[in-house]
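Using the sequences provided together with the hints, build the complete structure.
Top to bottom, those sequences are chains G and L.
Residue 1 is where the first sequence starts when you use this note's numbering, and the numbers rise one by one after that.
Residue 176 is where the second sequence starts when you use this note's numbering, and the numbers rise one by one after that.
Source of the hints: derived by calculation from the structure; they are not laboratory data.
Some chain L residues judged to face chain G by a derived CB distance under 7 angstroms, without partners named:
# : residue
1 : PHE239
2 : ASP261
3 : VAL262
4 : ASN263
5 : TYR264
6 : LEU267
7 : LEU268
Some chain L residues judged to face chain G by a derived CB distance under 10 angstroms, without partners named:
#  : residue
8  : VAL235
9  : SER236
10 : LEU240
11 : MET242
12 : ASN243
13 : ARG257
14 : ILE258
15 : ARG260
16 : GLY265
Where is the CB? At the ideal position from N, CA and C, for every residue including glycine.
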Amino acid sequence: MTNKTDLKKRDFLQLSTITIGAVGTAAFIWPFLKSMSPAEDTLAAGTTEVDISMIEEGQSITVKWRGKPVFIKKRTQNEINEAKKVEISDLKDPQADSERVKKEEWLVLVGVCTHLGCVPLGQKVSDMKGEYDGWYCPCHGSHYDTSGRIRKGPAPKNLDVPPYAFLNDTTIKIG
Amino acid sequence: MDQNRKVHQFKNPILNWIEFRLPIISYFKKEYGEYPMPKNCNYFWSFGALATITLVTMIVSGIFLAMNYTPHTDMAFDSVERIMRDVNYGWLLRYIHSNGASFFFIIVYIHIVRAMYFGSYKYPRELNWILGVFIFLLMMATSFLGYTLPWGQMSYWGATVITNLFSAIPIVGEGLKTWLLGDYNVGNATLNRFFALHYVLPFVIFGVVGLHVAAVHVHGSNNPDGIEIKSKNDTVNFFPYMLIKDTITGPLGCLVIWRRLSYFGDTLAHSALLGVTLAYAFSLNIAFSVFVISVTNLKAVNF
Numbered sequence: 001m002t003n004k005t006d007l008k009k010r011d012f013l014q015l016s017t018i019t020i021g022a023v024g025t026a027a028f029i030w031p032f033l034k035s036m037s038p039a040e041d042t043l044a045a046g047t048t049e050v051d052i053s054m055i056e057e058g059q060s061i062t063v064k065w066r067g068k069p070v071f072i073k074k075r076t077q078n079e080i081n082e083a084k085k086v087e088i089s090d091l092k093d094p095q096a097d098s099e100r101v102k103k104e105e106w107l108v109l110v111g112v113c114t115h116l117g118c119v120p121l122g123q124k125v126s127d128m129k130g131e132y133d134g135w136y137c138p139c140h141g142s143h144y145d146t147s148g149r150i151r152k153g154p155a156p157k158n159l160d161v162p163p164y165a166f167l168n169d170t171t172i173k174i175g
Numbered sequence: 176m177d178q179n180r181k182v183h184q185f186k187n188p189i190l191n192w193i194e195f196r197l198p199i200i201s202y203f204k205k206e207y208g209e210y211p212m213p214k215n216c217n218y219f220w221s222f223g224a225l226a227t228i229t230l231v232t233m234i235v236s237g238i239f240l241a242m243n244y245t246p247h248t249d250m251a252f253d254s255v256e257r258i259m260r261d262v263n264y265g266w267l268l269r270y271i272h273s274n275g276a277s278f279f280f281i282i283v284y285i286h287i288v289r290a291m292y293f294g295s296y297k298y299p300r301e302l303n304w305i306l307g308v309f310i311f312l313l314m315m316a317t318s319f320l321g322y323t324l325p326w327g328q329m330s331y332w333g334a335t336v337i338t339n340l341f342s343a344i345p346i347v348g349e350g351l352k353t354w355l356l357g358d359y360n361v362g363n364a365t366l367n368r369f370f371a372l373h374y375v376l377p378f379v380i381f382g383v384v385g386l387h388v389a390a391v392h393v394h395g396s397n398n399p400d401g402i403e404i405k406s407k408n409d410t411v412n413f414f415p416y417m418l419i420k421d422t423i424t425g426p427l428g429c430l431v432i433w434r435r436l437s438y439f440g441d442t443l444a445h446s447a448l449l450g451v452t453l454a455y456a457f458s459l460n461i462a463f464s465v466f467v468i469s470v471t472n473l474k475a476v477n478f
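Below is the structure:
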């Protein structure tokens, strides 16, 4: 019997214990942290189905999706043309109109100004629509065009297009 | 102030910086490192540590449950059902908390029986016993309050029966009961205050536990022979010798609790959850072991 310490063996034991322990600690903490992220019922409420059969050409409705307003607009041919003829290079946040819609006449946008989160005007007939015939944010004067792209004012980005799909010709599912 | 007081020197300059301003490092070293434990202590002496771990587990799981609980008579039960069905790992948190409460008492009972059988309550540790009784009373109050929170039938009638005990007191009884309930009957005011008290009392328990531990460290732990320690030769350092003992009982205790939790979490426990809970139990054990190793230094242990 010797009292000499086997340092290699000790290092191995220390390293393997710490490794297993770190994995164990992470696995232990995980359910606690995970419990703070959105629950199943919250996630289930994260999609909204909208009947769009009642929307007339040129009309726009606002629906609520994940606590945010979503604009659904049936664009007129004029508005579509206006959105398409813009030089991409002139845009602050360059994006073609075709990248922002699934069907030309239907424009779906998250109605939250990308500057500081106000809801832009332009949904009602009587609303100011800004200099580009789309939406106008009254908080700090951001102008959005008929494709919801930022054209003038402090907002850095185009209005977001939420994930959505046409379930059929008259119903879309957002989220 | 005394600038020349002797400051303990460590190798790590950060520890020295803290130590000079707040001598907490040397405190922990003294109380949980070099603290002399009688070397004949048996595994009954692990139950204090087990109870502490359980208390911390209860507080942590309770805080996470409270994030999803609504203390209102119309919503309390639904929010508990939501925890069980919709909140991620909510079922696990609730099972930890409810089964943990039962095991907390089992552990504390063994801890109390140890104190009685081996005479740990005797001179000079009487105050320890007294503080322990206070902890026990607080635990009973806290667990009763927690029992009422799910607001099912058992909770409601439990709250009714226990608060009605106070109405048996002559003259002031009825008034006292109404004051406790905040209503003429068990109602929303009752549930609200029960939740507030259930949240705060565990921290009071934690504080009294601090005094309980500080008091036992003054005269040192009792031992199975009941003969006081005569010299340093009768003791071993708390670290590593007793802590290693606790790291064996800790995981073993966890396994017992997790086995119960997995099979009998409630009468509808699903066997599909078994694998998950066992894996979780295993990680808990490992986590506890690594805690011990990381707060200390493994190299100090002579294998």
